[in-house]
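Enquirer: Chain residues, written in single-letter form:
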Amino acid sequence: GENVEQHPSTLSVQEGDSAVIKCTYSDSASNYFPWYKQELGKGPQLIIDIRSNVGEKKDQRIAVTLNKTAKHFSLHITETQPEDSAVYFCAASLNNAGNMLTFGGGTRLMVKP
Amino acid sequence: DTAVSQTPKYLVTQMGNDKSIKCEQNLGHDTMYWYKQDSKKFLKIMFSYNNKELIINETVPNRFSPKSPDKAHLNLHINSLELGDSAVYFCASSQHSTGELFFGEGSRLTVL
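Taken in sequence, the protein lines are chains A and B.
Residue 90 in my numbering sits at position 90 of the first sequence, with consecutive numbering throughout.
Count along the second sequence from 1, add 1000, and you get the number used in my numbering.
Be aware that one or more of the hints could be misleading.
As the list claims (entries may be wrong) - A few chain B residues that face chain A, going by a derived Cβ cut-off under 8 Å, partial list only:
id: 1; residue: K1041
id: 2; residue: L1083
id: 3; residue: F1090
What the hints assert, rightly or not - The calculated label-pair distances, taken between Cβ atoms and stated as ranges, are:
id: 4; chain 1: B; residue 1: K1040; chain 2: A; residue 2: L46; range: 35 to 45 Å
id: 5; chain 1: B; residue 1: S1065; chain 2: A; residue 2: G16; range: 44 to 54 Å
id: 6; chain 1: A; residue 1: L40; chain 2: B; residue 2: V1012; range: 38 to 48 Å
id: 7; chain 1: A; residue 1: N53; chain 2: B; residue 2: Q1095; range: 30 to 40 Å
id: 8; chain 1: B; residue 1: Q1095; chain 2: A; residue 2: P113; range: 36 to 46 Å
id: 9; chain 1: B; residue 1: L1027; chain 2: A; residue 2: R61; range: 26 to 36 Å
id: 10; chain 1: B; residue 1: N1079; chain 2: A; residue 2: Q14; range: 42 to 52 Å
id: 11; chain 1: A; residue 1: R61; chain 2: B; residue 2: T1013; range: 40 to 50 Å
Unchecked claim - Pairs of lysine-lysine residues, derived as DSS-like cross-links and limited to a Cα-Cα distance of at most 25 Å, are as follows:
id: 12; chain 1: B; residue 1: K1009; chain 2: B; residue 2: K1040
id: 13; chain 1: A; residue 1: K22; chain 2: B; residue 2: K1036
id: 14; chain 1: A; residue 1: K37; chain 2: B; residue 2: K1040
id: 15; chain 1: B; residue 1: K1019; chain 2: A; residue 2: K37
id: 16; chain 1: A; residue 1: K57; chain 2: B; residue 2: K1019
id: 17; chain 1: B; residue 1: K1019; chain 2: A; residue 2: K42
id: 18; chain 1: A; residue 1: K22; chain 2: B; residue 2: K1044
Hints were generated in silico from the structure; no laboratory data involved.
For every residue, glycine included, the Cβ atom is placed at its ideal position computed from N, Cα and C.
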């Protein structure tokens, strides 16, 4: 089955700096890669996703890049703000199938004001 | 209005007991899920269910069973609770099995 590894497990940045979280996956057939943000006491929420037919996607301060050859994808957050502090999860699946999403281990991002 | 709501939010119980966690979604989705998040924050799928198909993660003990009275509800019933069942359980839903997942706020289960 699919295996998703995520690094780092914790990341501390100064407000205004950029943050990068990286994930690798094992199943070359995976073609859908969402990122979820989990705030304290809440359930995860989708913030951005990318499919294998594109290499990069951007939405305001967040962007995701995908390297299918190397089987890794990354989340980039620019101009970080304290409200970006949360746990971020990457995931991978075949055909955007929620019942086949494999999550990474999560990254706790702390943005210091 | 909460899109995916689950109750109770906290549940403390003794080993060996049977308990249920309820989940309701008002998004009109046809697929619902249960995920388990352990103390290290790992999120693992337990069940995926729509009105046609139940998919069970093969690693889930058969003490866990999903029950769906209708497509807006998917409850999780757990028999003979064990210490290792302590975790946060998340319900989620999506439109078809290929849509964005919408999670509830989680139910923290503590087994003593």
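Enquirer: Which numbered hints are broken by the structure, listed smallest first?
Expert: 2, 4, 6, 7, 15, 16
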